[in-house]
Amino acid sequence: MTALLALVVGSVLADPVITHEQQRAVLTEEIARHQQQLTLPEAPPLYHLRYQLLDFEQAQARASFGSLVLTESSPFLALGVEVRVGDPAFDNTNYGGWESGFGRLGLPHQLTERALRQACWQLTDSTYKEAVEQYARKKAAFTPPPDYPGDFQAGLSRDGIYDHVPGATEAWVQDLARSTSTGFPTDGSLELGTVIVATEQGSRTVIDSEGTSLQLPHSEIILRAMAHARADDGALLSDHHSWLLRIDQLPSQEDLAASAAVLAKDLVTWTQAPTLEDEYVGPVIFEDEAAVDLFRALLVGQLEGTPPPIPFEARFGALGEGFSLAGDGSTGARLNRRVLPAGWSAADDPRVEPFHPASFVIDTEGTLAQRVDLVQDGIVRNLLMSRVPRKDMPAGTNGHARGSLGTRPAGRVAMLEVTPNRRVSRRKLHKKALELGKAYGHDHVILVRRFQDDTVRAQDRSGASVYDFLGDDGPRLPPPLVLYKLYSDGREEPIRGASFARVDRSALRDIVAAGPQVYGRYLAPFEPGGANFSPIVGMPTALWVPEVLVEELELVPVSADPRSKPAVPAPTQ
Amino acid sequence: MLAHLVLLVIPTTLAQVSPIEAVLDQELARAMATFEQRGEPPYYTALSIEENQKTRIVATAGTLQSHNDQHVAFLDVDLRLGSPDLDSTHPLRGMSSLREEARRTVNLPIEHDPDYPLRHAVWKELDAHWRDAVERIVVVRANKNVKVEEELPAPDFELREPTVDRQEVSFETVDDAAWTEILIRVSDRLDAHPRVHRSRAALTIENERETFVDTEGTRLVHGGTWARVGVSASATADDGDELSISRSMSFRAVDGLPSEQELLDLAEQARDLLVAQLDAPRGQPYRGPVLLGGKAAAVFFHEVLGHRVEGHRMKFDSDGKTFLEYVGRPILPPFLDIYDDPTIRSLSGEDLNGFYAYDDEGVPAQRALVVDDGVLRGFLMSRSPLPDFPHTNGHGRRSTGKAPSSRMGNTIVEASETVSHDKLRAMLLDKVRDQGLEYGLYVEEIAGGFTMTGRIMPNSFNVRAVTTYKVWADGRPDELIRGVDLVGTPLVAFGNIVAAGDDPGVFNGTCGAGSGWVPVSAISPSLLVEQVEFQLKEKGADRPPMLPKPDAPPPGAQAAGGER
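In the order they appear, the protein sequences are chains A and B. Residues in the first sequence are numbered from 729 upward in steps of one, following our numbering. Residues in the second sequence are numbered from 29 upward in steps of one, following our numbering.
Heads up, a few of these hints could be off.
To be verified - The calculated lysine-lysine pairs, modelled on BS3-like cross-linking and capped at a C-alpha distance of 27 Å, are:
#, chain 1, residue 1, chain 2, residue 2
1, B, Lys-577, B, Lys-567
2, A, Lys-857, B, Lys-498
3, B, Lys-175, B, Lys-349
4, B, Lys-175, A, Lys-857
What the hints assert, rightly or not - Ranges of calculated distance between the beta carbons of each label pair, as one might list FRET restraints:
#, chain 1, residue 1, chain 2, residue 2, range
5, B, Ala-206, A, Ala-806, 25 to 33 Å
6, B, Arg-127, A, Ala-1070, 53 to 61 Å
7, A, Asp-961, B, Ser-46, 35 to 43 Å
8, A, Glu-1081, B, Ser-287, 56 to 64 Å
9, B, Gln-297, A, Glu-1081, 57 to 65 Å
The hints are simulated quantities; they were obtained by calculation from the structure and are not laboratory data. Even glycine gets a Cβ: it sits at the ideal position worked out from N, Cα and C.
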């Protein structure tokens, strides 16, 4: 009886969980309190403060060959803060290092007013002190040139409350992972047959000192079916199917399992393909998802305009390399530079498919998302921007700021469409390629329809290297999977054991023909130019691109490691 | 021949074989047949599956921080090619030592019907271990050939008679909702002071079942429950010191968990001590007599002696081998005995973290005598023998993904001659006066410690003091200080122990070393040490928060519930 009484009394005394409306009120009050009271002697003024509160339900399950391996489900609540001291022309941000005015803190699953106020208090205090010191570091090391575009585009505020998106249950996620993985065969033909399902639903609240007050929906479901098969020479081949969709847009469980079965069957078939014997230089056709990966690797980085931070010269090397006082402050993006053939265009509009996980109407910084015409007649005329100014983009942000909580957002691709001036059928694309191939003395050309995914390959026990389209010397293409020699009689001869060498961004300028439009989606690394280390972490991104014929690329043989081949025959059901 | 024979050993209680064990058995037999055919069979292989079910509830500042349930299973493979005298696991020297370790964390399916997913995972890992071992034994032999003889040549492995013991292991649970409420109230109590910056009350219930099979015929199913409840409060002092006070209790069954009132008392103690510490002065470097409370003395022995009597270390030419030549010779005063006994479940009314039935090499836990009447008698041994200690004493331990090595379990210090705490304190003051000092130090509580046993870095220890008092020779009240740690080197420190108390203290914790993190206990009476050195603890540089801590809203100030 005593225990029961204590429970009842305790329930009455416990702080109540606050509503989203109360969350916004608390954040607004805390912004005012900190802006008024947070000041250090001789420190520059705190001129901008922004909170972001993520309030998600997360669920994740991993299954292999029909059995669950891992499963977890929990709320995810976190607070992000952006503290700017100085003024928009020169503040603590856009300078290398990690104490840059951005911070984050996990929040209790049951968020009370006291817990939220304490989190604001702790996080704002520490981030403010870091911002003041970062301002001094930057001031001491960097004198802005006369045409320095400043550090922040101030004066933008927005408010609105958008509908909440219902979430998935843990049981649903488990069922989906388990049932999809039953599609993988239990005949010993695969070394890996794993499905990961991860869902995240909830809301994102943005409150800032300029009056912004937003509550935005968030919904993401990632399903990755991944398979590995081993060829007789020891080569590992991997493939995957990925879905980034709303829950109600997913195929049925039966269809997903069937899709996994087809994936596995095709992958095992590819292990039987002969290997490339000699180096190949000549025309290459990119079809299906290979075309998406080509543009992802070679084009996307050239359209993202947020300048990298000014480097902080640490004793172990510069943090934030890439800034150039002489140029426009970016290594990847260049205005007025040809990136595609004449007559081609590219535009990014995060609103184009409203229920896609890559879609948003308001970006991370609270700016309305816009369609941006990036490339016209093959030349870059516009860049994707956040509220970090850039001298050659005077209009400032165009609503493409993306990034992870507690870091500096940057202008990033969300839903990009590349449009050629003219399309031909696949048949004509092939014909054109074969004509070009003759000039190189080939009776065939190379056709690639699918690349492997580095994060999927890394699921191997040996842990394959993860490059994510960036090598030491610039962009790279991952190992091809669906690769053919295409002959003039239409015969497609499968090959494997090949890798693209010395791929350069200028390859896109060498596109000589475009075919049908294809669609693909992927998870982009949170940091521009960064790498993904997990198959389920990143920012959903969608591309619509044409299948293309590139005039000249180089393909080299890759030898397999025979030691990787299992000694013991795989078990069977 | 032995390797071939041991494969024929058949477990005696087949009726109790679980589906998991059956898969391990069958996959082991199938793989061994292939390895035989390939002409390079391992002379010993063990497979074990650890099923782990864990619940963790954390509360902070009067609300629920997190509640996580986790159910996972891990596979471990110990595959040895060559012979017990020299096998593929032999430590390598020089560049060859940079080879990747074969042991790794392998997640297994947690559903076993059908068993193909489990079978597939076991096959893949076992096969990979064999291929690695085939390469490694070649390198081991070459490495042995080109390098000088090791300082202490010894076999790599001890073969054993099989053990068959399949225990019923039930997984325990608690009333999550009730415990969530309790922890919320405890965290509220911790948070109820403007100078406490962060507070946390946490409960962890961990159930574990291990299924072990090997080519010698050992078949084990064992495991148990581990419950831990604790509180912590932290704050930044005005001088930048990051202070944290933690209190926890460990149990081997959930029915031992404390009442809410006990936890509230614990929270108040931690909170009040933290606030007192914030105002306490920082100590100074010190050399002089010290009284170590029981828990502090227990950690002192864990760091100073325990890690140096882990037998496998004697095989490494890089190790300091402090006590190797001291076997049979006194290293401590004659009134002290030390043994490590993982078979003890509780002592002095406290459950012990270091309790286990079988070690991670399938060997029954045993009491290992280390020091008898001050004389060093032996080492903690895994199945990696030493020339004079060829047998394991059941101390081969590891955490997931690591290879086992000899580790502590329940390290127990006993004194045959003891005095009361008051007498010890009087003796401390005598020593202070004898040495012409103003004060001595009394270390009541410690947070843990670390030690370095290698040869490049100083062979020293650091015991992380939390609650330390100056005990004044002139009779002033004891004064709480902060910011100092107890440091020294083992041989000198042991030579300075002069008396032991009659008040054994139990330290339950988790110890990290080469084979990972393992739960341990250390038990010791309080000790008077004639001379110990203290050094300044590291200090933070951040100011405390500039604005006052937000007040808690009064109860009932808002409508409960809301849209969540």
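Going through the hints against the structure:
Proposed proximity of B/Lys-577 and B/Lys-567 is supported: the alpha carbons are some 23 Å apart, at most 27 Å. Note on A/Lys-857 and B/Lys-498: the hinted pairing is violated, with a Cα-Cα distance of about 36 Å set against a maximum of 27 Å. Distance check on the hinted pair: B/Lys-175 and B/Lys-349 sit about 20 Å apart at the alpha-carbon level, within 27 Å; holds. In summary, the hint linking B/Lys-175 to A/Lys-857 is not supported, as the alpha carbons are separated by about 55 Å, beyond the 27 Å threshold.
Here the CB-CB span from B/Ala-206 to A/Ala-806 is close to 28 Å, well matched to the stated 25 to 33 Å. Distance hint for B/Arg-127 and A/Ala-1070: a CB-CB separation of about 55 Å, consistent with the stated range 53 to 61 Å. Judged by the Cβ atoms, the range 35 to 43 Å given for A/Asp-961 and B/Ser-46 holds: they are separated by roughly 39 Å. Checked against the hint of 56 to 64 Å, the C-beta distance between A/Glu-1081 and B/Ser-287 comes to roughly 57 Å, which is consistent with it.
Range check, B/Gln-297 to A/Glu-1081: about 58 Å between beta-carbon atoms, so the 57 to 65 Å window is met.
Hint check: violations occur at hints 2 and 4; the rest are consistent with the structure.
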